[in-house]
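*Asks:* So you can see what is in the structure, the chains are spelled out below.
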Amino acid sequence: MTTPHRTGAAAGRRADGPRRRQVRGGAPLPLLVPALIGLAFLVLPLVALLIRAPWASMPELLTSTEVWQALRLSLICATAATVVSMVIGVPLAWLLARVEFPGRGLVRALVTLPLVLPPVVGGVALLMALGRNGVVGQWLDSWFGITLPFTTTGVILAEAFVAMPFLVISVEGTLRAADPRYEEAATTLGASRFTAFRRVTLPLIAPGIAAGAVLAWARALGEFGATITFAGNFPGRTQTMPLAVYLALQSDPEAAVALSLVLLAVSIAVLAGLRDRWMTAS
Amino acid sequence: MNRSARRIRRTLRVTGAGAAALVALSACSSSDSGSDSGASSSGGGSGGLSGTVNVFAAASLTESFTELGKEFEKRHPGTEVVFNFGGSDSLAAGITSGAPADVFASASPRTMKVVTDADAAAGTPVTFVRNRLEIATLPGNPDRVASLKDLTGPDLKVVLCDRTVPCGAAARKALTAAGLKLTPVSYEEDVKSALNKVVLKEADAAVVYRTDVRAAGDKVAGVEFPESAKAVNDYPITLLKDAPNADVGKAFIELVRSAAGQKVLTGAGFTAP
Numbered sequence: 001m002t003t004p005h006r007t008g009a010a011a012g013r014r015a016d017g018p019r020r021r022q023v024r025g026g027a028p029l030p031l032l033v034p035a036l037i038g039l040a041f042l043v044l045p046l047v048a049l050l051i052r053a054p055w056a057s058m059p060e061l062l063t064s065t066e067v068w069q070a071l072r073l074s075l076i077c078a079t080a081a082t083v084v085s086m087v088i089g090v091p092l093a094w095l096l097a098r099v100e101f102p103g104r105g106l107v108r109a110l111v112t113l114p115l116v117l118p119p120v121v122g123g124v125a126l127l128m129a130l131g132r133n134g135v136v137g138q139w140l141d142s143w144f145g146i147t148l149p150f151t152t153t154g155v156i157l158a159e160a161f162v163a164m165p166f167l168v169i170s171v172e173g174t175l176r177a178a179d180p181r182y183e184e185a186a187t188t189l190g191a192s193r194f195t196a197f198r199r200v201t202l203p204l205i206a207p208g209i210a211a212g213a214v215l216a217w218a219r220a221l222g223e224f225g226a227t228i229t230f231a232g233n234f235p236g237r238t239q240t241m242p243l244a245v246y247l248a249l250q251s252d253p254e255a256a257v258a259l260s261l262v263l264l265a266v267s268i269a270v271l272a273g274l275r276d277r278w279m280t281a282s
Numbered sequence: 001m002n003r004s005a006r007r008i009r010r011t012l013r014v015t016g017a018g019a020a021a022l023v024a025l026s027a028c029s030s031s032d033s034g035s036d037s038g039a040s041s042s043g044g045g046s047g048g049l050s051g052t053v054n055v056f057a058a059a060s061l062t063e064s065f066t067e068l069g070k071e072f073e074k075r076h077p078g079t080e081v082v083f084n085f086g087g088s089d090s091l092a093a094g095i096t097s098g099a100p101a102d103v104f105a106s107a108s109p110r111t112m113k114v115v116t117d118a119d120a121a122a123g124t125p126v127t128f129v130r131n132r133l134e135i136a137t138l139p140g141n142p143d144r145v146a147s148l149k150d151l152t153g154p155d156l157k158v159v160l161c162d163r164t165v166p167c168g169a170a171a172r173k174a175l176t177a178a179g180l181k182l183t184p185v186s187y188e189e190d191v192k193s194a195l196n197k198v199v200l201k202e203a204d205a206a207v208v209y210r211t212d213v214r215a216a217g218d219k220v221a222g223v224e225f226p227e228s229a230k231a232v233n234d235y236p237i238t239l240l241k242d243a244p245n246a247d248v249g250k251a252f253i254e255l256v257r258s259a260a261g262q263k264v265l266t267g268a269g270f271t272a273p
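Residue numbers (my numbering), protein chains in the order written: chain A, 1 to 282; chain B, 1 to 273.
Errors might be hidden in some of the hints.
Incomplete in silico selection of chain A near chain B, CB under 7 Å [stated by the list, open to error]:
{"no.": "1", "residue": "Pro149"}
{"no.": "2", "residue": "Thr153"}
{"no.": "3", "residue": "Leu247"}
Pulled a few chain B residues facing chain A out of the computed Cβ check, cut under 8 Å [claimed, not checked]:
{"no.": "4", "residue": "Asp162"}
{"no.": "5", "residue": "Tyr187"}
{"no.": "6", "residue": "Glu224"}
{"no.": "7", "residue": "Glu227"}
What the hints contain is simulated information worked out from the structure, not anything from laboratory work. Beta carbons: idealized from backbone N, C-alpha and C, even for Gly.
Modelling step: build the complete structure from the supplied sequences, incorporating the hints.
*Replies:* What follows is the structure, encoded as structure tokens:
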């Protein structure tokens, strides 16, 4: 949650140009020791996964169609959820950052709620709203014959629900750090507010949007609770990698370790690749 | 695959033994008086037993075992029954890695075998109840589901348990026995979430245990089907080898298997073995 803020601030500071200062002469021990413990705490479980991986049977475990189906579905759904988040999340972030309205603090709290909500609760809430018998869902069903639970669309919605706050927070932070005078200048020169947003603001905050999109994508890829609650589990349609891992754990822990590694590798590859780009950009 | 599995199991066993030894030590020092008086009246009876007994039991036993626990505490003042309800697999994993349990009641012989293979059971487990599958439908059964075959129609949203969990394995067995092919909308991760998809009216029907249908009351309607006889699920119970309070554990198992205990269990929808 702090990362997007920092990224936003860093992106905003770019114009003035103070680069991050390095600590000279080595880190003091009282900081170094807990820092290394912290690092070990975060990395050790992942190393353990590597050590315990059933390397010999890995090729056999990973070439099953079910794994590929789940991985493919995970990538497609996480990407779609990120696109959904960008289409509606960026305008929402703009609203929160640029428009003064009563209850803005409350709205901001509501937007960030899915970050702290247990994902299962998110899934239940989605069922109550968009389920076949839900507040909105029953009309979708009776008017258009659309039901969302147990569908791939349901997976995308569940993932977007959980992941979008990451994007909103990141973009809002960037917007707050960005100088609004550029937009004002554009509007005084005759551009409409929307044109100013599209031509001036959007390019200005692009790094923040990219950062938020990567975070949202990664969160969507790892989504489990809301997905299994709202969309169920059917191979090829709603069974994403996290679901496959969980269910494999019930009967075949080795397969679960192997699947976890795949998800881990994909996540690291994407995060490392993209993070480098937007971190160095600032 | 085999080598690493063995290595994992060995490490688990070593850590488990260590944890069990610690637990046994602390239990000895804390409940000395309890085990002494328990030994003097080993028959069980009304008095003599005291202390806490830890019962690890399958989630599907929650309602009936809670009731039996209260009954047990009433019969044996000074005892306390503490339950750890959960998925049989994770309970078995806990026991084999040294969790301080006296009694294990599992929802399937397969998970019980995990415990007996690890040499953690005292004696041979006995089947104390059986559970059968039943179809749960929306209240009043608006789709007029009367048989397992009715679920295979294309208009019905049916959920099954995933084959990796016992209720899913049983459903699969029943469908195979009936020669039916059923494509559900979802394979749920456990029996309760399968049932809840019907309770929430998201699915039209689910294949769950009869006890779950019974526990859901009027939120679902139950439909029995003859093929369920082909997929009966046995529930074994056993005293554990490293039980900190073996006498009370033994007495609790006696109550579960007694006529009074069986009455509570059949009332919840289980059948006698």
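*Asks:* Which of the listed hints are not met by the structure?
*Replies:* Hints 2, 6 and 7 are the ones this structure does not satisfy, whereas the remaining hints hold.
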